[in-house]
Amino acid sequence: MRLVNPTIVRLSGQALLGRRRGLVLALLPAVVVALAIVVRALTPQGTGYEIVGAVGFTLALPLVALLASSAVLGPEIDDGSIVYLIAKPVPRHTIAISKYAVAWLATMVLGALPLFLAGLVLDSSDPRRALAWTLAGIVAGTTYSALFLGLAALTRHAVVAGLLFVLLWEGLLGGLLNGIRWLAIGAWGREVAAAVSDQVAAPGTGLTYAVVAAAVVSLGSVWFAGDRLRSFSLRGDE
Amino acid sequence: MSTIRLDAASRWYGNVVAVNGITMTVGPGVTGLLGPNGAGKTTLIALMAGFLSPSAGSVTLDDAPIWRNTDVYRTIGLVPEREISFGYLTGQQFVVANAELHGLDDPGAATQRALEIVEMVEPAGRRIGTYSKGMRQRVKLASALVHDPEVLLLDEPFNGVDPRQRLHLMALLQRFGVEGRTVLFSSHILEEVEQVARQIEVVVSGRHAASGDFGEIRRLMTDRPVQYVVVSDDDRRLAGALIAEPSVVAVSLRGPGAQAGTRGGVDVSVTDLGAFARRLPRVSRDAGVRILELAPTDESLESVFAYLVGR
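Listed in order, the protein sequences are those of chains A and B. Quick note: the first sequence uses the numbering used here, first residue 1, plus one each step. Quick note: the second sequence uses the numbering used here, first residue 1, plus one each step.
Since the hints were made in silico from the structure, they are not lab data. Just so you know, nobody snuck in bad clues.
Restraint ranges, calculated between C-beta atoms of paired labels, are given here: (1) A/L163 to B/D106: 41 to 51 Å; (2) B/R74 to A/R156: 22 to 32 Å; (3) B/A64 to A/L164: 34 to 44 Å; (4) B/R74 to A/S231: 15 to 25 Å; (5) B/G14 to A/G13: 37 to 47 Å; (6) B/R175 to A/S231: 30 to 40 Å; (7) B/T25 to A/S231: 23 to 33 Å; (8) A/T208 to B/D105: 47 to 57 Å.
So these bits of chain B aren't anywhere near chain A, every CB distance computed over 10 Å: (9) V17; (10) A56; (11) R164; (12) R207; (13) S247; (14) L292.
Here a beta-carbon is modelled for each residue, glycine too, at the ideal position from N, C-alpha and C.
Just chain A, same shape as in the assembly (with noise of 0.2 Å):
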C-alpha cells in the first residue's frame, strides 16, 4: 500500500490554505518572529528569550498544530463531504496518513521553523540555543500534530477538546503538578532541547522516555485516525 496519495495531500493542502484558516495559521509565527525582533530591537543580546520558549514553543507552535490538523480533517468529517474522498478504492490509513503529512509539514513550517528563527533574532551569538528549541518544536511538533488528528477523527469538539489539553492540562495543570510531564507532549520536547543545550531547563522525563513516547503518541493517533476512518458512517439527516 501506498503511504501517501498525492491526490489527498493536494486537496488538504487547498483546504488548508484556500481558507480564511490559513491566514490566521500565518499570523501565528508572524506574531512569534515579529515580537522577537521588537525585544531585540529595544533590548540588548539575549534579552526576552522566553520569548521562544513560552510564546513560540508552548503557545504558537501547539495552537499551529491544532489548527493545522483540525483544517485538513474537522471541517470534512463534521460536514460528511468526507464521504466523496473516501468512497474510493484507498486504503482509509493511507488517506489519514496523507492528511498528517499536509498538517505536519504546516507546522513544522509555520511552528518549528520560526523557533529558529525567532532564536536566532534574539541571541544570534548562540545558534545552539536556537537550533534545541527547533528541535524541541519538531518533536513536539510531530506529536501535537499527530495527536490533534486523532482528535479531529474522533470528536467534532477537537478544537475546543485540542485547547483544553495544550491551556488546562499542559498550560495550567502542567505548571502546578510535577508528575503532568509524563504525558504533556511540551515537556517531551523540552526535553529534546535541554540534551542539545544548556540553556534549556529539562523537566526531568528523561530523553529516551520522552522520544519513545512522543513516537508511541504520534504513531498510535496517525493510526486511530486512520481507524476512525475506517469505520466512518454516514448518517442521515432523518
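We have chain A already, so just place chain B on it with the hints.
Only chain B this time, still in chain A's reference frame:
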C-alpha cells in the same frame, strides 16, 4: 453486471431501529427506493455504500461484504445527498481529483468523458461555489461516474433540482439502466420514481413495505378506500343518501355538523373512485342537498404508506 444483496439487514442506533430486517436484491436496471422522509432510505443507501455497518444481517456486493471493504468502490459510484463542500475547487478540479483517487490511467480523459455525460463541460471551469443546485448535482454525478462504475447509488438525486435539469437527470439514469448498470436512487415522490425506475422498493419506518414494478406499486397504492370530506348544507341527509351507493363503504358525520346549516361535513370512504365521482352530483341533487365543498383528506404520501404497512 453487479448485484447488491441485503440479507435480513438491520441497523439500529441505541433503541432506535432505522432499518429493520430488510432483505432485498438490487440488480441491473434502475431501482427506485421509495419512502417518506425518515423511513430509513439514507440509512439503507449508507449500508449499501459501505458507510454504515449492519447491526444484524449482511450487505454484500457480488457476495463480498461491503462494510470496511474499500475495494467495492471500484464497482460502486455514490452520489450522496450531502452537498459538496469543496466550493473552492472548480468542477473540473473536483472530478479530476475523484478520477485520480480511483487510480485511473488517464484522469483527464475520464473527467472529460464524465463531464460530457452530465453536460457540464462548459461550466466545469468555474468554482463549485458558483453553481446552481442542479449543476452541483450533475458534478456530483460526474464524480461518481468517472470510473465507469457498474453500480450507481444516488440519495435523493432530484431534490431541489429545477424541472428541466430533473428531466435530464432522469434520462441519464434510464440510460445507465439500459446500459446494464445497477442503478438505485431514493425518493419520497412516487411520480418521480415511476418515471425512471423499472423496479420499486418501498420502505416505511425502516421496514420493507412493498416491492415490484411500478404498475404493481401503483395498484397497491390506489386500490384502497380513499377518504373524502364532503361539506353540504345538510350533511345528515347527504350521508343517508351516500351510504346507499355501492361505491361508498363508510360515512360518518363530523362533530356539530350534524345540525343542518353548520359547516361540519361528511367523511366518506370510497372504493370505486370513478363511480363515486359520477354518482355524487346526481345523489346530492336527488336528495336536494347542495354541496359546498369536496376534498380528499388523505392524499398525502404518508397515509398511502401507512396503508401499505397496515396491509
